[in-house]
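So the sequence lines, in the order shown, correspond to chains A and B. Sequential numbering of the first sequence, starting at 2, is according to our numbering. Sequential numbering of the second sequence, starting at 8, is according to our numbering.
These are calculated hints, taken from the structure and not from any lab test. Careful, some of the hints might be misleading.
[As the list claims (entries may be wrong)] List time: in silico DSSO-like cross-link candidates among lysine-lysine, alpha-carbon distance up to 27 Å:
hint, chain 1, residue 1, chain 2, residue 2
1, A, LYS93, A, LYS183
2, A, LYS89, B, LYS398
3, B, LYS398, B, LYS77
4, B, LYS15, A, LYS89
5, A, LYS195, A, LYS169
6, B, LYS15, A, LYS195
7, A, LYS89, A, LYS195
8, B, LYS398, A, LYS93
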Amino acid sequence: MDYFLQQLINGVTLGGVYALIALGYTMVYGIIQLINFAHGEFFAAGGYMGVIIISYLAANGVSPVVCIVLGMSLTMVYCAILAMAVEKVAYKPLRNSSRLSVLLSALGMSIFLQNGLMLTQGVYDKPYPTAMTAGGFELGNVMISYMQIYIILITSGLLVALNLLVFKTRIGKAMRATAQDKVMSALVGINSNKIISLTFAIGAGLAAAAGIMVGFYYGSVNYTMGFVPGIKAFAAAVLGGIGNITGAMIGGLIIGMVEIFAAGYLSSEYKDVFAFIILIAVLYFRPTGIMGENVDDTRV
Amino acid sequence: MTTQESRKRWTSFGIGLIWLLIILWPLLGIKPEGLEFASTFSVWIRLAVAGLCIMIVFELNRAGIFDSVKKTGSSVKGVTQRAYAATPNWLLICVGLAFAIAFPAMTGRYGHDVACNVLIYVCLGLGLNIVVGLAGLLDLGYIAFYGVGAYTYALLSIHYGISFWLCLPVAGLLAAIAGCIIGYPTLRMRGDYLAIVTLGFGEIVRLILNNWMELTNGPNGLMGVKRPGLYWLDFANGWSIEHLWVKKVWMFYYVILFIAICTIIAVYRLNYSRIGRAWEAIREDETAAELMGVNTFLLKLLAYASGAVFAGFAGSFFAARMRFVSPESFTFLESAMVLAMVVLGGMGSIPGVMLGALALIALPEAFREFDTYRMLVFGGVMTLMMLVRPKGLWPAKRVGRRSEEAE
């Protein structure tokens, strides 16, 4: 039972991270029907930028809390700027061309960004200053680290903020309108290009936050770290019904739980396989996901 | 009007440069020891100068400075095109074949090595071309079949000592079966979802190769794969048949050349057969094809299986040449490379795919000093090609758009 609870806590932590990345996929797919392959790279760039800024601040004697808060917000801004540049260069000129072209352009961008990170930051793992967040407490026999608490708190904070943004503000309304019908929303005066840029920026910001938290959680970042979590988060987005924000959060939690429980009870070597199996099974049996409505057959 | 347009271009160029600086500086300039500007600026200025040159050439081109050059260029192009159309196809093929056969005599060991690589990728690209180019099924896990072929030969050779030529059809068959296993559940999906599911399958195969220690020896790989053997007519002591192991690189070159030529002929025949037409019909409009009586289920499965066969051949050759296989060789990046060849060359076009393989394997060898930038350039070129020439370098003659994309 203790083992189960322990795994549950770990699963929620990891699931929250996946949910944050999945939101970027789901929002972009919802608006321009594109699998943004470069999204995993925003996550990796976030991890790197986090360690760069936080170690700079820490070396200059800033207190740990300020370090983390400032580092996280600057990183999110940085990745938002990066994502807007990528969107402008690689996706916007292809808005009206075939789906395959856009997908390949995204793939090229992903390889480009990954190697850009490698060239600027080197091939070796970059360690996070984990001393800042070390420690934890025991609840019964279940060990909870402070980092897990932080991750759960920050993730839920960001998710609530995003929900407020999408469902309570004018910008959110414009985003939802653009996702439903680009032409009609343009006719009523919504600048769809700006909305698409903004969507990319928000998605990348959330992925960047996830990157920092993963960096702290595992202690280091690497330039290839974006690919596998990216695919898992995409699986989460599909599981929840792609294009659906609440679905992505639930999907992320489920994928995180499944991974941790599969690693704990079945086989730790094959833990990555389970996310892919879920992805394939969902697409096979219920392509619209848990929360998705029935979309036009051709989209699938 | 023109000045306004060009002013707009220069403004966006300037904004782009500032944007680049904002993105570049934090990655290069923030160190725990302090903020550094010099290294960022040196990189940035080089990129800015390169961008400026491209902009100036572009502006001059708009202004019509290059019109005379372009005129001669287009007339040269017209002449070559007419000459190409006038030359009979068999002559071109003969010249190409003669060049391919004479190639080892003209170059050294290094050249043979590169040529072997190019030919492996020609086989892979043509196999993938059946799936993506002809049938229009986007496959991001294609390298899995290559892996299946390589491991099939490696295991059969190590444990049972079966010869390469016997293993070749077995590897093809097993890869085809793997193709059917992957193809079957994905037949209901189209477009993006199909891409991501095949990617998932490819990763699953790689994870199995990586973790099934008893069979595949995990990440350490399998060593001691045998070379292919050849029977050779020896005239030295009258007529006798000698068995010899393929050892030199140029002999490997002929083996893969043979496989590649078989692949090219097979893909060509498939392309212009009833099956090939049916694949093209599925690519253009699946619903309409089904209505016209094309068995889409069977044909899509067949596309996966036949594409996989060629990857299986290429894989077992790879294992025989390297004499070593490990899961490292079958990552997603390799799939992306092969896909990039098909797309860069021109989907559905056989000479295009060959050109794409040549461009992506041989050109980076020519710029060996810039090896660290290779994948960076590769990614950038992939995006750039989609922006400027999405149909590829040598487009196929018959391509259309899928009906559901023409919204």
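Q: State the violated hints by number, sorted upward, taking the hints as numbered earlier in the document.
A: Those not satisfied: there are none.
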